[in-house]
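First to last, the protein sequences are chains A and B. This note's numbering numbers the first residue of the first sequence as 33 and each following residue consecutively. This note's numbering numbers the first residue of the second sequence as 33 and each following residue consecutively.
Some hints here could point you the wrong way.
Treat identical chains as interchangeable: a pair holds within one or across any two.
Said to hold, decoys possible - DMTMM-like cross-link-like pairs, simulated, lysine to aspartate or glutamate; straight-line CA separation at most 20 Å:
1) LYS396 - ASP320
2) LYS92 - GLU71
3) LYS92 - GLU60
4) LYS92 - GLU186
5) LYS380 - GLU340
6) LYS116 - ASP321
7) LYS39 - ASP320
8) LYS39 - GLU144
9) LYS380 - ASP369
Think of the hints as simulated: they come from the structure by calculation, not from any bench.
There are 2 protein chains.
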Amino acid sequence: MEFRFSKSVGTLTSSAVRDILKLTQGQEIISFAGGLPAEELFPLEAVRAAADRVFALGHKTLQYGVTEGHVPLREQLCVRMAAKSMDVHPEQMLLTTGSQQAIDLVARVLTEPGDVVLVESPTYLASLQVFRMYGLRVVSVDSDAHGMLIDEAERLMQTLNPRLVYVVPTFGNPTGRTWSTERRKGLVALSQRYGVPVIEDDPYGDIRFDEQLQVPTLMSMQPTVDGGGVIYLGSFSKTVAPALRTGWAIADREVVRMMAKAKQAADLHSSMLDQQTLDQLLQVFPLDDHIRHVSSAYASRMQAMQKELESRGRGDLSWQEPLGGMFLWLELPEALDAQTLLRAAVLKGVAFVPGTSFFAEKPKRNTARLNFTHTGGERMRQGIARLFEAMDEFLARC
Amino acid sequence: MEFRFSKSVGTLTSSAVRDILKLTQGQEIISFAGGLPAEELFPLEAVRAAADRVFALGHKTLQYGVTEGHVPLREQLCVRMAAKSMDVHPEQMLLTTGSQQAIDLVARVLTEPGDVVLVESPTYLASLQVFRMYGLRVVSVDSDAHGMLIDEAERLMQTLNPRLVYVVPTFGNPTGRTWSTERRKGLVALSQRYGVPVIEDDPYGDIRFDEQLQVPTLMSMQPTVDGGGVIYLGSFSKTVAPALRTGWAIADREVVRMMAKAKQAADLHSSMLDQQTLDQLLQVFPLDDHIRHVSSAYASRMQAMQKELESRGRGDLSWQEPLGGMFLWLELPEALDAQTLLRAAVLKGVAFVPGTSFFAEKPKRNTARLNFTHTGGERMRQGIARLFEAMDEFLARC
Numbered sequence: 033m034e035f036r037f038s039k040s041v042g043t044l045t046s047s048a049v050r051d052i053l054k055l056t057q058g059q060e061i062i063s064f065a066g067g068l069p070a071e072e073l074f075p076l077e078a079v080r081a082a083a084d085r086v087f088a089l090g091h092k093t094l095q096y097g098v099t100e101g102h103v104p105l106r107e108q109l110c111v112r113m114a115a116k117s118m119d120v121h122p123e124q125m126l127l128t129t130g131s132q133q134a135i136d137l138v139a140r141v142l143t144e145p146g147d148v149v150l151v152e153s154p155t156y157l158a159s160l161q162v163f164r165m166y167g168l169r170v171v172s173v174d175s176d177a178h179g180m181l182i183d184e185a186e187r188l189m190q191t192l193n194p195r196l197v198y199v200v201p202t203f204g205n206p207t208g209r210t211w212s213t214e215r216r217k218g219l220v221a222l223s224q225r226y227g228v229p230v231i232e233d234d235p236y237g238d239i240r241f242d243e244q245l246q247v248p249t250l251m252s253m254q255p256t257v258d259g260g261g262v263i264y265l266g267s268f269s270k271t272v273a274p275a276l277r278t279g280w281a282i283a284d285r286e287v288v289r290m291m292a293k294a295k296q297a298a299d300l301h302s303s304m305l306d307q308q309t310l311d312q313l314l315q316v317f318p319l320d321d322h323i324r325h326v327s328s329a330y331a332s333r334m335q336a337m338q339k340e341l342e343s344r345g346r347g348d349l350s351w352q353e354p355l356g357g358m359f360l361w362l363e364l365p366e367a368l369d370a371q372t373l374l375r376a377a378v379l380k381g382v383a384f385v386p387g388t389s390f391f392a393e394k395p396k397r398n399t400a401r402l403n404f405t406h407t408g409g410e411r412m413r414q415g416i417a418r419l420f421e422a423m424d425e426f427l428a429r430c
Numbered sequence: 033m034e035f036r037f038s039k040s041v042g043t044l045t046s047s048a049v050r051d052i053l054k055l056t057q058g059q060e061i062i063s064f065a066g067g068l069p070a071e072e073l074f075p076l077e078a079v080r081a082a083a084d085r086v087f088a089l090g091h092k093t094l095q096y097g098v099t100e101g102h103v104p105l106r107e108q109l110c111v112r113m114a115a116k117s118m119d120v121h122p123e124q125m126l127l128t129t130g131s132q133q134a135i136d137l138v139a140r141v142l143t144e145p146g147d148v149v150l151v152e153s154p155t156y157l158a159s160l161q162v163f164r165m166y167g168l169r170v171v172s173v174d175s176d177a178h179g180m181l182i183d184e185a186e187r188l189m190q191t192l193n194p195r196l197v198y199v200v201p202t203f204g205n206p207t208g209r210t211w212s213t214e215r216r217k218g219l220v221a222l223s224q225r226y227g228v229p230v231i232e233d234d235p236y237g238d239i240r241f242d243e244q245l246q247v248p249t250l251m252s253m254q255p256t257v258d259g260g261g262v263i264y265l266g267s268f269s270k271t272v273a274p275a276l277r278t279g280w281a282i283a284d285r286e287v288v289r290m291m292a293k294a295k296q297a298a299d300l301h302s303s304m305l306d307q308q309t310l311d312q313l314l315q316v317f318p319l320d321d322h323i324r325h326v327s328s329a330y331a332s333r334m335q336a337m338q339k340e341l342e343s344r345g346r347g348d349l350s351w352q353e354p355l356g357g358m359f360l361w362l363e364l365p366e367a368l369d370a371q372t373l374l375r376a377a378v379l380k381g382v383a384f385v386p387g388t389s390f391f392a393e394k395p396k397r398n399t400a401r402l403n404f405t406h407t408g409g410e411r412m413r414q415g416i417a418r419l420f421e422a423m424d425e426f427l428a429r430c
């Protein structure tokens, strides 16, 4: 049979990151490509004990659950959100299969094909995939070290009538960038003024390298969740473990209700074993201490990678030191196309993600994203050495 | 902010079943409404031990996984599929968050809004929700006790150029109906002749009340998976436990590749804890013995409910005895609208699902779906008694 695939899925390119990961499976390649947390820091014993407490609750724990997600976990998350100055009711929250699913559900309920969505430049790759699959027109707003340029965003709101804005304002992916408070306020105000909902994707916000640093979420800048245009997305993937695939979306309760309707059709509900395990974990495990521990380890890895890059003394390499998160965003010499460099690098045994795929429009070809959380120590140094080897050879040929 | 919701999600009614479940939560209502397996039969200790073996494998078990699903579980499932005369390669299989997600992904990759999808009359409620969300035109094909009427299906293929067919041919939901081999062959032939893919949704196929009964899957009637139009969906929800939210789709590998691309955007991947736990479970747990045990218990419950219905001797009630699965489909007296009856029944403390919601078109209002797997024994008898009370009062008023 000849299958006729839908136009939308035809436009999807498979994620460059995941394709590279597949390519490198089993080979001796040092990868800075994936957005992987450090396995050795996963609270394995605590998760195991939590799962065991779930099973001890008996047979009913293995039954179907509600689409909106395990109520006790939502209640605990509301308490955690309160500590971030977000006053949230469980009915304003939907548990999802990672925050990736939340992006999908928001696009599903708030857009029609052909609508415009505004994003940062560059932005999270897999959000672009969702928006393209729904046939949206993705327009990128010029951004600098402090976040999206608000004047530019306003101009586009006036001229393009966008249906949605998507941002990662804290320790962003891919740039590691943290928006200034002013830009945050600016976007929240625009959202209200022009009636455009804003997805605030915040998977990295807890991974901050300076404990004293207080970064307000966009959602905390609204008077109330109901009636506000911000849709906040959180995730356990970086603070507990990705395998448990649990994220949460917070929004006006009517938006949550519509997302739940869409989710019911999409998969009925997410894993109840995962949700109940996380609920049990939060009841006894000092998650904030754990997050401090993980963040401090990641800060050291970031510093070490930065030092390694600096020590090799290439004046034509630059980056902005991230205040948290998982990524270093490199600007390479102008002459260097990172996609071509990647092929040379993989031959040397090192991988990264060329920056091109993170741009909705006008890609900067001389950019690369390096993950610093997964590979540390001697192996990281070896990886950077290989990367510079590839770069040197490449530039010598130019 | 005034949210403008997409047209597609506006057309979604929340599942009648799940709304009733919500309604009945915490109240003393005997529910035959949900499609819930019997909790007390879940292999809790085996699942617990399997999860524990997963954790014993170390930190890497909590890391991100591949979109297509845990490879060792796909390999074991291929062996299980071979026992059903389906020769499947792991690359022809995608693991999903329950088979509900597979229905969603198939619709996403194989249809455009406005396309026609053919379904049985009546059919699985939540498939209708998916198709409506994607803006498809759902057309129901007249069906009898042996399945879809093939001549009618052919006529519709010739006139409506459908893009997809969706069926539950074995111990179906809601009717409990099992298609004859002839009808199965007929649909597979039509699928090839007219180039229309067929979703064979088979969550209940293993729950058969007569061990000797051999029911061939549609997929096993194709020469090969690649090039064939059948997309087979299986699930652990009824044979192990729903909380683990794991289903699998089998199809031509190009279809699987496209579904995986769509799934990557939808949620990156399903729970790895669930998938690895099921993999460990299958390695040591005698699942087929367990399925025989569960099926035999369900057969007894079905017989008991049937006896209870018969013993009350209403000649104006009829049903077809199911050969497996989880549902009895009642035809009530003509004068009885099951939606109205439900309200009276809930007041008496019993719930079921009115048949109307399972019809894509031309609903038969005097039909009802009763689940017999979740509530057995004295409680089931009490529930049936309440149902008859409601019916009697209702008919007395007519």
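Quick rundown of the hints versus the structure:
1. LYS396 - ASP320: Classified as neither; 37 Å inside a copy, 56 Å across copies.
2. LYS92 - GLU71: For LYS92 and GLU71, the Cα distance is within 20 Å only across copies (6 Å; inside one copy 31 Å).
3. LYS92 - GLU60: between (45 Å within a copy, 17 Å between copies)
4. LYS92 - GLU186: neither (51 Å within a copy, 45 Å between copies)
5. LYS380 - GLU340: Cα proximity of LYS380 and GLU340: one copy only (18 Å, versus 74 Å across).
6. LYS116 - ASP321: within (16 Å within a copy, 51 Å between copies)
7. LYS39 - ASP320: neither (45 Å within a copy, 42 Å between copies)
8. LYS39 - GLU144: both (15 Å within a copy, 8 Å between copies)
9. LYS380 - ASP369: within (17 Å within a copy, 72 Å between copies)
This entry does not satisfy hints 1, 4, 7, going by the numbered hints stated previously.
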